[in-house]
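**Student:** Each chain, written out:
6 protein chains.
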Amino acid sequence: MATVPLVSDEEASAEVLAVFDDIRQVRGTEYVNNFWRALANDPALLRATWERLKQVMGPGALDPLTKEMIYVAVSTANSCEYCVHSHTTAAKAKGMSPEQHGELLAVIGMAMQTNGIATGLQVPVDDVFKASP
Amino acid sequence: MATVPLVSDEEASAEVLAVFDDIRQVRGTEYVNNFWRALANDPALLRATWERLKQVMGPGALDPLTKEMIYVAVSTANSCEYCVHSHTTAAKAKGMSPEQHGELLAVIGMAMQTNGIATGLQVPVDDVFKASP
Amino acid sequence: MATVPLVSDEEASAEVLAVFDDIRQVRGTEYVNNFWRALANDPALLRATWERLKQVMGPGALDPLTKEMIYVAVSTANSCEYCVHSHTTAAKAKGMSPEQHGELLAVIGMAMQTNGIATGLQVPVDDVFKASP
Amino acid sequence: MATVPLVSDEEASAEVLAVFDDIRQVRGTEYVNNFWRALANDPALLRATWERLKQVMGPGALDPLTKEMIYVAVSTANSCEYCVHSHTTAAKAKGMSPEQHGELLAVIGMAMQTNGIATGLQVPVDDVFKASP
Amino acid sequence: MATVPLVSDEEASAEVLAVFDDIRQVRGTEYVNNFWRALANDPALLRATWERLKQVMGPGALDPLTKEMIYVAVSTANSCEYCVHSHTTAAKAKGMSPEQHGELLAVIGMAMQTNGIATGLQVPVDDVFKASP
Amino acid sequence: MATVPLVSDEEASAEVLAVFDDIRQVRGTEYVNNFWRALANDPALLRATWERLKQVMGPGALDPLTKEMIYVAVSTANSCEYCVHSHTTAAKAKGMSPEQHGELLAVIGMAMQTNGIATGLQVPVDDVFKASP
Chain X
1 MATVPLVSDE
11 EASAEVLAVF
21 DDIRQVRGTE
31 YVNNFWRALA
41 NDPALLRATW
51 ERLKQVMGPG
61 ALDPLTKEMI
71 YVAVSTANSC
81 EYCVHSHTTA
91 AKAKGMSPEQ
101 HGELLAVIGM
111 AMQTNGIATG
121 LQVPVDDVFK
131 ASP
Chain Y
1 MATVPLVSDE
11 EASAEVLAVF
21 DDIRQVRGTE
31 YVNNFWRALA
41 NDPALLRATW
51 ERLKQVMGPG
61 ALDPLTKEMI
71 YVAVSTANSC
81 EYCVHSHTTA
91 AKAKGMSPEQ
101 HGELLAVIGM
111 AMQTNGIATG
121 LQVPVDDVFK
131 ASP
Chain D
1 MATVPLVSDE
11 EASAEVLAVF
21 DDIRQVRGTE
31 YVNNFWRALA
41 NDPALLRATW
51 ERLKQVMGPG
61 ALDPLTKEMI
71 YVAVSTANSC
81 EYCVHSHTTA
91 AKAKGMSPEQ
101 HGELLAVIGM
111 AMQTNGIATG
121 LQVPVDDVFK
131 ASP
Chain Z
1 MATVPLVSDE
11 EASAEVLAVF
21 DDIRQVRGTE
31 YVNNFWRALA
41 NDPALLRATW
51 ERLKQVMGPG
61 ALDPLTKEMI
71 YVAVSTANSC
81 EYCVHSHTTA
91 AKAKGMSPEQ
101 HGELLAVIGM
111 AMQTNGIATG
121 LQVPVDDVFK
131 ASP
Chain E
1 MATVPLVSDE
11 EASAEVLAVF
21 DDIRQVRGTE
31 YVNNFWRALA
41 NDPALLRATW
51 ERLKQVMGPG
61 ALDPLTKEMI
71 YVAVSTANSC
81 EYCVHSHTTA
91 AKAKGMSPEQ
101 HGELLAVIGM
111 AMQTNGIATG
121 LQVPVDDVFK
131 ASP
Chain G
1 MATVPLVSDE
11 EASAEVLAVF
21 DDIRQVRGTE
31 YVNNFWRALA
41 NDPALLRATW
51 ERLKQVMGPG
61 ALDPLTKEMI
71 YVAVSTANSC
81 EYCVHSHTTA
91 AKAKGMSPEQ
101 HGELLAVIGM
111 AMQTNGIATG
121 LQVPVDDVFK
131 ASP
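Protein chains in written order, with UniProt numbering: chain X, 1 to 133; chain Y, 1 to 133; chain D, 1 to 133; chain Z, 1 to 133; chain E, 1 to 133; chain G, 1 to 133.
Keep in mind the hints are simulated off the structure, nothing from the lab. Predicted, not measured: the structure shown is a model, and the values here were computed from it. Glycine is no exception: its CB is placed at the ideal position from the N, C-alpha and C atoms. One thing to keep in mind: the hints can contain errors.
List time: in silico DSBU-like cross-link candidates among lysine-lysine, alpha-carbon distance up to 35 Å [what the hints assert, rightly or not]:
(1) E:K54 x G:K92
(2) Z:K130 x Z:K54
(3) E:K54 x G:K94
Pair by pair, the computed Cβ-Cβ distance ranges are [stated by the list, open to error]:
(4) Z:P124 x X:G95: 40 to 50 Å
(5) G:A61 x Y:P64: 45 to 55 Å
(6) Y:M1 x Z:K94: 56 to 66 Å
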C-alpha cells in the first residue's frame, strides 16, 4: 500500500542491513518497523534519517518520554497516521501512563483550539513576548 | 491589526472584567495579553476558553512545563505565530532552559521531517502498533 | 514584502487591466486589493483565478455569506494570514454580525480541537458514516 | 485500530455511561459513535468535550447546518479523516442537499487554492482589511 | 467509503460522460480513477476541475514531471493520502526514477524540518529576501 | 522578534563561526541570513541542520532549481513565511524565471485545491495506484 515496496531482510543490501542491525541493537528488539523498510529503497536517506533520529531522541536536557510526547503532538497536528501510531506506541513503551496519554490529548486539543481562534482573530503579538535582540 | 478590536479594561463589561481579573490572579501579573483582549468581543467564548485552558494546563499527570512544550510543538506545526510566541514565553517563565528549548526545536524538526517522509511514502501502519480493541 | 512586485494600474497590461476592471465592476468599488496586484505578474493565472472565484462565490445553493464564512474557516485552518483578513472583511461586508463572527470562531476552535483529539486517538471511522458505493 | 481501546457500554463506568446517555438523548439515537467510545478512556476529557460540543453546535446566531458545514471545512483543511466522515454525515442529517455539498466542496477547493497562492506570493495585507483598534 | 457514491459509466449523465471521455483521450487510457468518479456527483465541479488541471499540468515553462513532483510535495505537506498515491503514480508514469523519488522525499523531509524550526524560532524575514515593491 | 536572540559574528563561538564560514564559502557570499543566526543559539542543531541541508540540496538526480521549487511548495503548504521568502529568493538566484514562478504557483494552487476536494470527498485510493509489495 506504500508508494514504494517494503524491503525485507532478504532483499536488503549490506548497507541497508547494517542500519537494520543498528536499529535492532539500539532498540533491543528483532522487529524492524515498516517506516525503515520503506525508507530502505534509498539507503542514503535511510542511514541519514536513522542516525539523526537516534541522536535527537536520546536522553539530553529533555527525557526520552517527553520527547516522544512532543513527537506525537507534532505528528497529530500534521495528521501523520503512521507517525501517530508508531510514536504513541513508543511513548507507551517508555512509560506513558493512560493518565499522561489523556492529558497529552487534552493539551493537543486545547492548543489546536486556540491556534484556530488566535489565527482567526489575527491577534497581534504582544511586545512583551518578543525576545530581546 | 486583528480582525476585531482589542478590548481595553475601560471598554470591558463586568462579565469580561471578571475573567480578566481571574487571569491576573491565577498568573500573578497585572498584564492581560492580546489574545484575551481580542477574545473579549465574545464574552461567552472568552470565559469558556479561559476556564478550559486553566484546567487543562494546570498540574496533573504531566507537569506544567511539559504541557507548555507540547503546546509550542502543536502551535509550531500549525504555524500559529501568536501561539508560538506566547507559549514559548510561558515555557521560559516555567523554567525552560536554552538547552531544553534547543532540544524541543530539534524534536519538532525531526518529527516534521519524518511526518513528511512517512506521508510521502504512505507507509502502512504495522500491526504491532495497533492497540487491542 | 511580497515575493513579487505588486502591479499598479499604470504598469498593468491591457489584459491585466481588463481583469482589474471586472473586479471593480462586480464588487462595486474602485479598490483592487493586493492579492490581485500580486497575481497580475502572471496574467493567465490572474484571469483564471478571478473567473473561478467569481463563479464559486456567487449565489447558489449556499448564500454568499455562508460561503465567505466557510472560506474564513479553511483559511484559518491553513494559517493564511492574508486570506483570513480579506475574507473576514468580505464576510462583514456581506452582513456577518459580531455574534455570527463569534460563533464562527467558536466552531472553528471546536473543530480544530476534535480534529486533534480524533487524529491523536486514530479513531476508526464508524461503518454508519460511510456512504453507500 | 485506535491508539486506545474503544469503551463498550459494558465496560463503561457510571460517569462515562452518564455522558453516553446524554449523547443518546440529545441526538435521539441509540448509537454512540467511536469518537466518544475512544475518548471514554479519559472520562473527564470525554465530559468536557461533549459538554462544549453540545453548546457550540446548538442553534444560535448561526444555524446548525451552517455550523456543520464550517466544521467539515476545518476538518478537511486539517485532513482529519474521521471528522470529515462524521460531520459530513451530520450535515446530511441536518438537511445538506447534494447541491449544497457540491458547493461546500467547491468553496473549500477555492479557498485552499488561493490560500496556497497568497502564501506563496506572501501578499501583504491591505490596510483597508485591518480592523480599527 | 467516500462521502459520496462513485459514479460509474452506466450512471453517468451525458455531461459527465463527456468529461470522462476527455480524460480517457488526454491520458491515453480507458481507466478513469476514483477522484473523477466521486467528483462526478457535481458535474459542474467535475468539468471545471478537469479543465483547469489539464491546463495547469500540461507542458510550459516547467516540464510535466517537475510539475508532478511539486504536486506530490504539496499533497504530502497537506497529508492528502489519495493525492500522494495518485500523483506519485503519475510522476512514475512520466519517468520519475527511484533516485529522483528518493531525492524528492529527502527535499520534502528537509523542508518540513526547517519549516518547523523556522516557525518555532519565529525568525524574522531578512530584508534582502523581500522583493522590491 | 524571534523567540531567541540572533547571534552576530561578534557573539558567535568558534564552533558557530566555523559553520557561518562554511555557509559563506559554499554560497559565495558574505551574508549569513537570520535563520542560521537564530539557530546558532544551539550550535549542535546549527551544524546538523546545515550539514544536512548542504547535502540534500546539492546536485543529484534532481537539479538544484527543481529542489528549490519543491522546497517552496512544501513551505507554502506549511505556511512558513520565512521559508517561502528565503527559498523563493534562492530559486530566483538559481535561475527561476517569472514564467516558471507563475507555473510553480499555479501547480501549488491546483494541488491545494484538489487536496481539499479529495479529502472532503474521502476518495478511496484506486488499487492501480498501490505499489506492489
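**Student:** Run every hint past the structure and note whether it holds.
**Tutor:** Here is how each hint holds up against the structure:
no. : hint                       : result
1   : E:K54 x G:K92              : holds (26 Å)
2   : Z:K130 x Z:K54             : holds (33 Å)
3   : E:K54 x G:K94              : holds (28 Å)
4   : Z:P124 x X:G95: 40 to 50 Å : holds (48 Å)
5   : G:A61 x Y:P64: 45 to 55 Å  : holds (48 Å)
6   : Y:M1 x Z:K94: 56 to 66 Å   : violated (36 Å)
Hint 6 alone, counting from the list given before, is not met by this structure.
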